[in-house]
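Participant: Let the hints inform the model, and build the full structure from the sequences given.
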Amino acid sequence: MALLSIENLTVEFNTPFGAVYAIRGIDFTLRKGEILGLVGETGCGKSVTGRSIIGLLDDNARITAGRILFEDVDLLRLSDAAMHEVRGNRIAMIFQDPATALNPLFTIGAQIMDVLRAHRPAKRGDLKTDAMSLFADVGLPDPAQMMHVYPHQLSGGQQQRAMIALSLAAEPDVIIADEPTTALDVTIQAQILDLLRVLQRERSISVILITHDLGIVAETCQQVVVLYAGRVAEKGAVEAIFAAPQHPYTRGLLAALPRPGSRGSDLQVIAGAVPSGLERIAGCAFAPRCEYVMEICRGQQPAFSDIKQAHQSACHLHETFADA
Amino acid sequence: MPEPLLRVDDLSMVYQRRAGLLGRRAQQIRALNGVSFSLGAGETLGIVGESGCGKSTLARCILRLLRPSGGRIRFDGDDLLALPDEGMRVMRQRMQMVLQNPFSSLNPRLSGFELVAEPLRTHTAMSRMEMADRVASLLAEVGLGVEFMSRHPHQLSGGQAQRTALARALALNPDFIILDEPTSALDVSVQAQIINLLLGLQRQRGLTYLFITHDLSVVQHISDRIAVMYLGKIVEETSSEAIFANPQHPYTQALLSSTPVPDPAADRQRTILPGAVPSAANPPSGCAFHTRCPQAMDICRAQYPAARFVARSHRVSCHLYDESA
Chain A
1 MALLSIENLT
11 VEFNTPFGAV
21 YAIRGIDFTL
31 RKGEILGLVG
41 ETGCGKSVTG
51 RSIIGLLDDN
61 ARITAGRILF
71 EDVDLLRLSD
81 AAMHEVRGNR
91 IAMIFQDPAT
101 ALNPLFTIGA
111 QIMDVLRAHR
121 PAKRGDLKTD
131 AMSLFADVGL
141 PDPAQMMHVY
151 PHQLSGGQQQ
161 RAMIALSLAA
171 EPDVIIADEP
181 TTALDVTIQA
191 QILDLLRVLQ
201 RERSISVILI
211 THDLGIVAET
221 CQQVVVLYAG
231 RVAEKGAVEA
241 IFAAPQHPYT
251 RGLLAALPRP
261 GSRGSDLQVI
271 AGAVPSGLER
281 IAGCAFAPRC
291 EYVMEICRGQ
301 QPAFSDIKQA
311 HQSACHLHET
321 FADA
Chain B
1 MPEPLLRVDD
11 LSMVYQRRAG
21 LLGRRAQQIR
31 ALNGVSFSLG
41 AGETLGIVGE
51 SGCGKSTLAR
61 CILRLLRPSG
71 GRIRFDGDDL
81 LALPDEGMRV
91 MRQRMQMVLQ
101 NPFSSLNPRL
111 SGFELVAEPL
121 RTHTAMSRME
131 MADRVASLLA
141 EVGLGVEFMS
151 RHPHQLSGGQ
161 AQRTALARAL
171 ALNPDFIILD
181 EPTSALDVSV
191 QAQIINLLLG
201 LQRQRGLTYL
211 FITHDLSVVQ
221 HISDRIAVMY
231 LGKIVEETSS
241 EAIFANPQHP
251 YTQALLSSTP
261 VPDPAADRQR
271 TILPGAVPSA
281 ANPPSGCAFH
291 TRCPQAMDIC
301 RAQYPAARFV
311 ARSHRVSCHL
321 YDESA
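Heads up: the sequence lines are chains A and B, in that order.
Position 207 of the first sequence, counted from 1, bears residue number 207 in this note's numbering, the numbering being contiguous throughout.
Position 105 of the second sequence, counted from 1, bears residue number 105 in this note's numbering, the numbering being contiguous throughout.
Hints were generated in silico from the structure; no laboratory data involved.
Quantities reported herein were computed from a predicted structural model and do not represent experimental measurements.
Don't take each hint at face value.
Pairwise CB distance ranges (calculated) [unchecked claim]:
| # | chain 1 | residue 1 | chain 2 | residue 2 | range |
| --- | --- | --- | --- | --- | --- |
| 1 | A | D59 | B | P294 | 34 to 40 Å |
| 2 | B | A302 | A | P121 | 53 to 59 Å |
| 3 | B | V14 | A | F304 | 58 to 64 Å |
| 4 | B | A140 | A | Q268 | 40 to 46 Å |
Heads up, the beta-carbon is just placed ideally off N, CA and C, and yes, glycines get one too.
Facilitator: Quick look at the structure:
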């Protein structure tokens with residue numbers, strides 16, 4: 001069942017250099033109880049997508065087209081007050097750097113009690129019990145003591161756990177996690193990703209996991225959306241896309257990764273660089289870097305082709321081969 | 001056997017820090033604790049470990065940017081710690097370093113030409129014309145055109161800036177380059193370009209690399225040998241192939257199992273370590289890894305395990321491989 005549908009989302013930023021096209025019309029669907037990976041390189045629009053959903057875009061951003069349907073309600077048409085209800089209660093967000101996302105002046109306990117008080121009317125004693133049980137749920141040691149601890153007294157991994165506890169406080173249906181493990185060491189990253197999987201399983205929370213790491217997608221997500229220059233290049237079930245990537249960009253990305261046994265050999269590279277957000281793109285955004293580029297790619301934006309059920313790729317090659 | 005280009009013996013580094021109220025309590029942080037390895041000319045040694053394991057301190061000690069507290073560093077037969085400052089200055093022409101973030105390591109006020117020419121100006125008596133030729137050819141070697149001579153760091157992409165940093169490191173024809181997380185700040189497609197460039201430069205110039213990173217898949221691609229560090233010590237060292245095929249130390253095994261693999265069909269046995277790396281200011285007794293080790297025994301809490309060879313050129317420090325065990 002579709003919980004959250006993004007339809008033709010288009011976001012621009014006003015800058016002194018002109019309009020920056022951060023998202024150029026993207027579509028995807030998050031289903032209930034699923035972890036969806038939003039993957040791409042710097043500037044592909046993955047964080048802007050996350051922030052658009054939760055209504056936390058910077059002041060110079062403008063959503064120029066599209067809909068964000070959450071349980072069939074368009075979040076973009078909600079009043080500020082109604083969006084405030086959705087944010088936290090229904091959709092929560094965690095960020096890359098928990099040290100800056102947590103308030104350094106208050107104990108972790110005070111911060112989580114704040115969230116609980118706002119979202120669940122209850123007696124003070126119950127709030128404290130609830131807070132401690134959330135700390136226990138996210139694997140923080142000694143929940144009673146956590147009530148009195150300040151963010152700087154925690155390690156990076158513990159800070160991210162505290163952040164996740166805060167986001168769970170209002171029992172949201174969706175968590176948007178923006179590079180939640182990028183600032184952490186690999187052994188700590190493994191702990192946090194494991195925690196997200198447990199939350200998904202035990203609370204059937206749906207997660208949008210924003211990452212640049214295809215390994216994390218392969219190990220954590222059921223669905224993946226590959227973004228390039230503010231557009232979706234390819235999307236579908238993780239198994240299908242990793243087993244048989246169709247879009248030349250997805251193929252290039254996977255081929256560029258060093259893997260065990262590849263030692264000393266040259267890695268495949270994708271020539272050139274990502275287009276600037278200042279450019280208007282008429283055809284396929286990947287055309288200037290694509291080794292299979294054809295005449296049509298430069299002039300016309302490719303539509304999605306169904307590769308299989310639940311696997312779509314936006315590339316003119318698919319049409320060419322389908323006709324042949 | 002020929003003398004290795006770089007030989008590090010029992011290196012230790014203790015930082016002094018003032019702690020407590022008004023800094024009245026002296027605190028010692030043992031960042032390196034008896035590190036030994038050697039590196040042959042033309043080889044690449046990968047140093048892998050998590051934050052705080054001492055890998056960057058090791059790099060700075062080798063270049064004598066920090067004075068180690070103990071141990072010996074021999075480079076091409078010379079004892080680096082015994083060299084007078086002038087001798088070390090000359091020696092540094094042969095030893096260079098490239099850092100993770102080129103935007104903080106490159107002076108933002110200098111142009112590409114000035115950045116790459118700076119070491120030439122410091123260490124040689126080249127004329128400006130000679131320098132211009134030399135800078136152009138260095139930039140070409142790292143895949144940048146002459147137009148990059150006039151570009152400033154803010155006009156460069158991450159990959160172009162890292163290429164500029166490499167050209168600068170190559171300016172004095174070094175034998176040895178320390179690469180400290182050179183691709184960690186780059187996107188996947190750009191990372192592949194820089195790795196290929198590093199491999200190509202090594203083939204053409206016969207460079208020796210010390211490659212420091214937290215990323216096991218990157219390090220295995222570029223290294224001949226890999227040393228795994230935990231809290232100031234090398235816990236395992238062996239060939240790049242053996243680290244993946246036959247990891248022996250429980251920490252190496254956990255690191256490998258924590259590294260995400262881009263293959264959803266892979267059959268993964270996941271070992272998730274509890275807790276975090278302990279503080280180097282107050283390291284655990286015995287083997288520092290025992291607080292997180294799934295196989296810790298009584299002896300691990302009491303005594304640090306000596307390094308042992310479990311196979312030819314495969315050394316591990318772990319009580320699991322004690323002879324009596």
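Participant: Evaluate each hint against the coordinates.
Facilitator: Here is what the structure says about each hint:
| no. | hint | result |
| --- | --- | --- |
| 1 | A:D59 to B:P294: 34 to 40 Å | 50 Å, violated |
| 2 | B:A302 to A:P121: 53 to 59 Å | 54 Å, holds |
| 3 | B:V14 to A:F304: 58 to 64 Å | 60 Å, holds |
| 4 | B:A140 to A:Q268: 40 to 46 Å | 23 Å, violated |
Comparing the model with each earlier hint shows violations of hints 1, 4; every other hint is respected.
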